[in-house]
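Protein chains: 2
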Amino acid sequence: MSDVKQKSSNVVWHDTQVTTAMRETLNGHRGAVLWFTGLSGAGKSTLANAVEERLHQMKARTFVIDGDNVRHGLCADLSFSDDDRVENIRRVGEVAGLFVQAGVLTLTAFISPFRADREKVRAIVGENFIEVHCNTALEICESRDVKGLYRKARAGEIADFTGISSPYEAPENPEICVDTGSDNLSACVDQVIAYLQAHGVITK
Amino acid sequence: MSDVKQKSSNVVWHDTQVTTAMRETLNGHRGAVLWFTGLSGAGKSTLANAVEERLHQMKARTFVIDGDNVRHGLCADLSFSDDDRVENIRRVGEVAGLFVQAGVLTLTAFISPFRADREKVRAIVGENFIEVHCNTALEICESRDVKGLYRKARAGEIADFTGISSPYEAPENPEICVDTGSDNLSACVDQVIAYLQAHGVITK
Chain A
1 MSDVKQKSSN VVWHDTQVTT AMRETLNGHR GAVLWFTGLS GAGKSTLANA
51 VEERLHQMKA RTFVIDGDNV RHGLCADLSF SDDDRVENIR RVGEVAGLFV
101 QAGVLTLTAF ISPFRADREK VRAIVGENFI EVHCNTALEI CESRDVKGLY
151 RKARAGEIAD FTGISSPYEA PENPEICVDT GSDNLSACVD QVIAYLQAHG
201 VITK
Chain B
1 MSDVKQKSSN VVWHDTQVTT AMRETLNGHR GAVLWFTGLS GAGKSTLANA
51 VEERLHQMKA RTFVIDGDNV RHGLCADLSF SDDDRVENIR RVGEVAGLFV
101 QAGVLTLTAF ISPFRADREK VRAIVGENFI EVHCNTALEI CESRDVKGLY
151 RKARAGEIAD FTGISSPYEA PENPEICVDT GSDNLSACVD QVIAYLQAHG
201 VITK
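Just so you know, the protein sequences line up as chains A and B, in that order. In terms of the numbering used here, the numbers along the first sequence are unbroken and rise by one, the last being 204. In terms of the numbering used here, the numbers along the second sequence are unbroken and rise by one, the last being 204.
Read the hints as simulated data drawn from the structure, not as lab findings. Even for Gly, the Cβ is constructed at its ideal location relative to N, Cα and C. Please note that a few of the clues may not be correct.
[Stated by the list, open to error] Calculated lysine to aspartate or glutamate pairs in the DMTMM-like style (CA-CA distance at most 25 Å, straight line):
no.	chain 1	residue 1	chain 2	residue 2
1	A	120	A	172
2	B	152	B	68
3	A	152	A	169
4	B	59	A	87
5	A	147	A	84
6	A	120	B	172
7	B	147	A	119
8	B	152	B	190
9	A	147	B	87
10	A	120	A	157
11	B	120	A	53
12	B	59	A	172
13	B	120	A	172
14	A	59	B	24
15	A	59	B	53
16	B	152	A	15
17	B	204	B	175
18	A	120	B	77
19	A	59	B	157
20	A	120	B	53
21	B	120	B	15
22	B	59	A	77
23	A	152	A	66
24	B	204	B	127
25	B	204	A	169
26	A	152	B	15
27	B	59	B	127
28	A	152	A	15
29	A	204	B	175
30	B	120	A	77
31	B	147	B	157
32	B	152	B	142
33	B	120	A	68
34	A	120	B	142
35	B	120	A	24
36	B	120	B	157
37	A	120	B	157
[What the hints assert, rightly or not] One-sided excerpt, in silico: chain A residues whose CB lies under 8 Å from chain B:
no.	residue
38	16
39	71
40	73
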């Protein structure tokens, strides 16, 4: 620390700026959002976490935003009403945009069933938005029913359940479509990594 | 990509997890929030940006969250009413908490005049919350009046202006108190960096 204190209120302080490009250079990769969308049970979270693990092994800076870590925090004030679901996805999109500015490879795992909501996020994030459709058929998701949610939805115990009593609008032109219903996990991870390499997001 | 597709819906997918500790090891420093608080014109943003620049030169992973990049995005739906100001700081605290999980040294620059709000953020972020009081006297901030806001507040054109018509509750035990009214910028940056080194947040 400086021993000389300038006791003046007129000291001029100049603004500096660390830019996204500078952070990306330090990281050795671009910031981007991998937006995993698909039905409940399609494998979004599992795939997102597995892709993150692979990227971390490649020394990329990564973060997964999923329902659990926002529904209990940033979006704890939101219900599951239509309006609040829209707001939930909007906030996640805004946060993902901040992470991209920070140069982080950001992975999100939300059903995000409506095209309009996903397109809003694309508008927020810009060219660094990569939509990943976890394309597992409803029958397979329902037969897995890991959390028992489909059974409850069929029994009428959960209202507006995507695929049962509320629509899932599949992406029309996703950057990546993963056959999460049939492929093994490792093959799905390979497919996502290959996309990132082919598009210069990561260079290794 | 694998050429062999397992056409089975019973493929078992195991969850993996990249932890904050793993990200911190990769980064070579801990994730933490430097929460700069102080009056309008105290030098919060300028100091936060200058600290970020120094940390970036040291190859730390950094990000600054400031009013501009959340008021136009994540918090664009909020007004400047009392309730919405509280919500603004809450959301920023939650986002800062996510950045800490991502292993990032996160810097925020908000007046955040109320102790209760800052303590809420401390509760969200936990032990990695570092409160930095930019302790510039009101008279100095008002004499600088870089944005002309004090003049407008004195003229009654801005309601509830911190320091003029709304209180600023100074931190009682901030981790760092910076004499942003008298010290030169470089000395203030030195003081923050020295704190981070002394407390093992950064190791260089």
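Of all the hints given earlier, name the ones this structure violates by number, lowest first. Of the numbered hints given earlier, those the structure breaks are 4, 6, 7, 8, 9, 10, 11, 12, 13, 19, 20, 21, 22, 25, 28, 29, 34, 35, 36, 37 and 39, listed in rising order.
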